[in-house]
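In order, the protein sequence lines correspond to chains A and B.
Counting in the numbering used here, the first sequence tops out at residue 411, every number present.
Counting in the numbering used here, the second sequence tops out at residue 411, every number present.
Hints were generated in silico from the structure; no laboratory data involved.
It cannot be assumed that every hint is accurate.
Chain copies aren't distinguished; within one or between two, either way the pair holds.
[As the list claims (entries may be wrong)] Okay, derived cross-link-like pairs now, SDA-like style, lysine to any residue, Cα gap no bigger than 25 Å in a straight line: (1) K33 / D365; (2) K59 / S383; (3) K12 / G295; (4) K356 / R57; (5) K12 / D343; (6) K35 / E294; (7) K356 / R268; (8) K344 / S383; (9) K12 / S290; (10) K108 / R268; (11) K374 / H400; (12) K94 / N36; (13) K133 / G111; (14) K108 / E147; (15) K133 / A346; (16) K35 / G375; (17) K108 / I276; (18) K94 / K344; (19) K12 / D341; (20) K344 / Q97; (21) K374 / I405; (22) K33 / D323; (23) K96 / P128; (24) K108 / V76; (25) K59 / L171; (26) K59 / R304; (27) K96 / G111.
The primary structure of each chain is shown beneath.
Number of protein chains: 2
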Amino acid sequence: MAAHPVSPLAPKSYPDLPEIAGVRFATAEAGIKYKNRTDVLLMAFDEGTTAAGVLTRSKCSSAAVDWCRANLPGGVARGLVVNSGNANAFTGAKGKQSVAMTADYAAKALGCSPSEVFLASTGVIGEPLSADKFAGVLDEAATRMAETPWIEPAKAIMTTDTFPKLSGAILEIDGVEVKINGIAKGSGMIAPDMATMLSFVVTDMPIAAPVLQALLARHVDTSFNAITVDSDTSTSDTLLAFATGKAGVEPIQSVDDPRAETFGEALRDVLLDLAIQVVRDGEGATKQVSVHVEGATSDASAFRIAKSIADSPLVKTAIAGEDANWGRVVMAVGKAGEPADRDKLAIRFGDLLVAKDGERAPGYDEAATSAYMKGEELELTVSLGLGEGRATVYTCDLTHGYITINGDYRS
Amino acid sequence: MAAHPVSPLAPKSYPDLPEIAGVRFATAEAGIKYKNRTDVLLMAFDEGTTAAGVLTRSKCSSAAVDWCRANLPGGVARGLVVNSGNANAFTGAKGKQSVAMTADYAAKALGCSPSEVFLASTGVIGEPLSADKFAGVLDEAATRMAETPWIEPAKAIMTTDTFPKLSGAILEIDGVEVKINGIAKGSGMIAPDMATMLSFVVTDMPIAAPVLQALLARHVDTSFNAITVDSDTSTSDTLLAFATGKAGVEPIQSVDDPRAETFGEALRDVLLDLAIQVVRDGEGATKQVSVHVEGATSDASAFRIAKSIADSPLVKTAIAGEDANWGRVVMAVGKAGEPADRDKLAIRFGDLLVAKDGERAPGYDEAATSAYMKGEELELTVSLGLGEGRATVYTCDLTHGYITINGDYRS
């Protein structure tokens, strides 16, 4: 299925996510760009399903993103259509028309209103995407909807991904088992300016749409918005959450309900797990890197410094080369434009202190640091010594694989 | 000399810059990092030489940058010492001490005050640089100062550069021939947040330091500050200009002197030529790209959009792959966070209109566009259709060469 070798950071196995009452789906081969693989996902939600979402802030957002933005305030969902291979972005009036027609087809197939159908498209930008591609495909898919296996929708939405991304959580609320399932896709054009590319989360928890929206917005900041592969932000970034309400507990109607906290934590675990999987499938990635910044003047400042480090091509190529080049971390701190005092700066690679008080740490051990760099999961920590602000950004290394994948994506 | 193959964009020949009265120099092998090549430049200026400079805005600036910042307000210069192989950045109190001692050595060798000596260092960050390296070397160099050939200082300051960078201008002011010579180094860690890496410009024009400073600041914005190789900003970026005043015309004492405009234009030509050479020697570069943005709400907004495009790894890898992937240009416009209206956007590759009114241009010719991408110098133009703001940013493509060079720079 994958045009490129599977990421060395791919999981050894995939979680066997359970069915979630009120959610059924089918995938299909529409031949939009890829051959001999599924490229369309149709998902149906029972009546009463609430919806929330976080969409790209790109000024050139795709037609599907515009569609979701228009329908999210309704807060209800009955269907979801996702295709891979064509982003339907920068396709003008044709793209807008295509999106409306696709929602119509799906609404007819599912027996609901078009405004209750959410849409997402991912793939090449600027190629018109004809709604004709979907007409028969959606009707046929609607005849064979199932509740499992969840790996199928995860596969259908892949583009340059080398493995499908799934995550789930089961928690207990009021003595009742509540489930959260999530899938995501994304490998390049990944930057933490918004939710990355596509991710869909469903739960059987009864929860009002505004509460679901608030929890999603809160937890996206430390998950999908805290990852970067290449600092490029997609036109199509879409994270949608759907709650069928079938779990048989009293609904959460307010963020002040103490159960919102419990549910939010589980939601956050699923989002972060999916976000990390996106980084581990970053185009050409051979290492996963967590960049921690502490002691900043604020959390926001810490985040911008962490992002400056995680986005730096020089830091990322050094990591690819297993070179403990902490001088480039200094450079990236310096260019971030945030408050920093060179002479208070300390840097750790894992537990190894490499720099302190603005110079190489006394007792710096090049051999130990180089050995640490050979690991597959690396932790870089920068201590600014200025305040209490802290943040973590997750990224991967920058390798020949990234160049190869992106030098010939369209051809 | 170069550890990596010479850039395919290297010039076929180098200008034979003339002597400039009041300027002499020598280069030497101090063995700081490189073997069998010069790595130290000592330059001497006659009494009466004015100085101006633009330095990195990095919060982690090098000891040499701090030294220059402290001495620039004096506005006079008698000497310049530059070394390659070690940036003396993030070297704490030792670095500060080393810089003061180096200035002392140079002042003794040249017979001037240490505060009249300017310093610049480039190379690895975080390695202590002992001033002992310079003691005998500077004394010896001072015994064999010459006025030419200018290619020698250009070579001595190279690091990962694959060719020396020189540029000059001869202009007539008040019927007298006035000369400007410039050299630069830089190949990676290049971003337009400040003058890039190192560049030194000398002229025999009599010009007051504040006027020289004003002209330098004005013209750096559209030259060194308008280039990017990898979006990474160095800790050591330094652009210094020295004016010996030997040209035998009345000095320029004010920016309102109409001759300041004439001189400034020639200065700008030299700065831009040097800046373009840095891009053409960008690590791994195989293509030079000019990104023009027009129709923005302001020049500053146009610049930020142009930089977003020029910094985008996805745009740069597509160019490396000779892929006319204008959808990635749309993406980079969208992520810039500046005012843009998708449905008014037009994009040209060279003279070829590829997108218009927010979608693929009618009559878009994939074959012609692909053929254009095979060129060595490319022009991308984005028209926003919102206002009169315009800017140009110069960059290169992102290739396997960049990864190779930066994956093992220290080792």
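Comparing the hints with the structure gives:
For the identical chains of this complex, K33 and D365 are inter-copy neighbours only, at 20 Å across copies versus 51 Å inside a copy, given an alpha-carbon limit of 25 Å. For the identical chains of this complex, K59 and S383 are inter-copy neighbours only, at 15 Å across copies versus 35 Å inside a copy, given an alpha-carbon limit of 25 Å. In this homomeric assembly, K12 and G295 never come within 25 Å of each other (Cα to Cα): the closest approach is 37 Å inside a single copy and 51 Å across copies. For the homomeric pair K356 and R57, the shortest alpha-carbon distance between copies (22 Å) is at most 25 Å, but the shortest distance inside one copy (38 Å) is not.
When the C-alpha separation of K12 and D343 is checked against a cutoff of 25 Å, the pair qualifies neither within a copy, at 44 Å, nor between copies, at 45 Å. Taking the closest pair of Cα atoms, K35 and E294 never come within 25 Å of each other, the shortest separation being 47 Å inside a single copy and 40 Å across copies. For the homomeric pair K356 and R268, neither the shortest alpha-carbon distance inside one copy (34 Å) nor that between copies (41 Å) is at most 25 Å. Taking the shortest alpha-carbon separations for K344 and S383, only the intra-copy value of 8 Å comes in at or below 25 Å, while the best inter-copy value is 45 Å.
With identical chains, the CA atoms of K12 and S290 are at most 25 Å apart within one copy only, with a shortest distance of 21 Å there and 45 Å across copies. In this assembly of identical chains, K108 and R268 lie within 25 Å of each other by CA distance neither inside one copy nor across copies; the values are 34 Å within and 65 Å between. In the homo-oligomer, the alpha carbons of K374 and H400 lie at most 25 Å apart both inside one protomer (17 Å) and across protomers (21 Å), since each shortest distance falls under that limit. For the homomeric pair K94 and N36, neither the shortest alpha-carbon distance inside one copy (27 Å) nor that between copies (63 Å) is at most 25 Å.
In this assembly of identical chains, K133 and G111 lie within 25 Å of each other by CA distance solely inside one copy; the values are 20 Å within and 81 Å between copies. Only within a single protomer do K108 and E147 lie at most 25 Å apart by alpha-carbon distance; the minimum there is 20 Å, versus 83 Å between protomers. In the homo-oligomer, the alpha carbons of K133 and A346 never lie at most 25 Å apart, since the shortest distance is 56 Å inside one protomer and 28 Å across protomers. Taking identical chains as interchangeable, the C-alpha atoms of K35 and G375 are never at most 25 Å apart, the minima being 37 Å within one chain and 33 Å between chains.
In this assembly of identical chains, the alpha carbons of K108 and I276 never lie at most 25 Å apart, being 37 Å within a copy and 58 Å across copies at closest. Proximity of K94 and K344 under a CA criterion of 25 Å is satisfied inter-copy only: 15 Å between copies versus 56 Å inside one chain copy. Proximity of K12 to D341 under the C-alpha cut-off of 25 Å is found in neither arrangement, the shortest distances being 43 Å within a copy and 44 Å between copies. In this assembly of identical chains, the alpha carbons of K344 and Q97 lie at most 25 Å apart only when taken from different copies (18 Å versus 57 Å within one copy).
For the identical chains of this complex, K374 and I405 are neighbours both inside a copy (24 Å) and across copies (19 Å), given an alpha-carbon limit of 25 Å. In this homomeric assembly, K33 and D323 come within 25 Å of each other (Cα to Cα) only across copies, at 17 Å, whereas the closest approach inside a single copy is 39 Å. Taking the closest pair of Cα atoms, K96 and P128 come within 25 Å of each other only inside a single copy of the chain (10 Å); across copies the shortest separation is 60 Å, beyond that limit. Taking the closest pair of Cα atoms, K108 and V76 come within 25 Å of each other only inside a single copy of the chain (17 Å); across copies the shortest separation is 80 Å, beyond that limit.
In this assembly of identical chains, K59 and L171 lie within 25 Å of each other by CA distance neither inside one copy nor across copies; the values are 38 Å within and 46 Å between. Taking CA atoms no more than 25 Å apart as the test, K59 paired with R304 passes in both settings, with 21 Å inside one copy and 14 Å between copies. Taking CA atoms no more than 25 Å apart as the test, K96 paired with G111 passes inside one copy only; the shortest distance there is 22 Å, against 74 Å between copies.
Checked against the numbered hints given earlier, this structure breaks hints 3, 5, 6, 7, 10, 12, 15, 16, 17, 19, 25; the rest are met.
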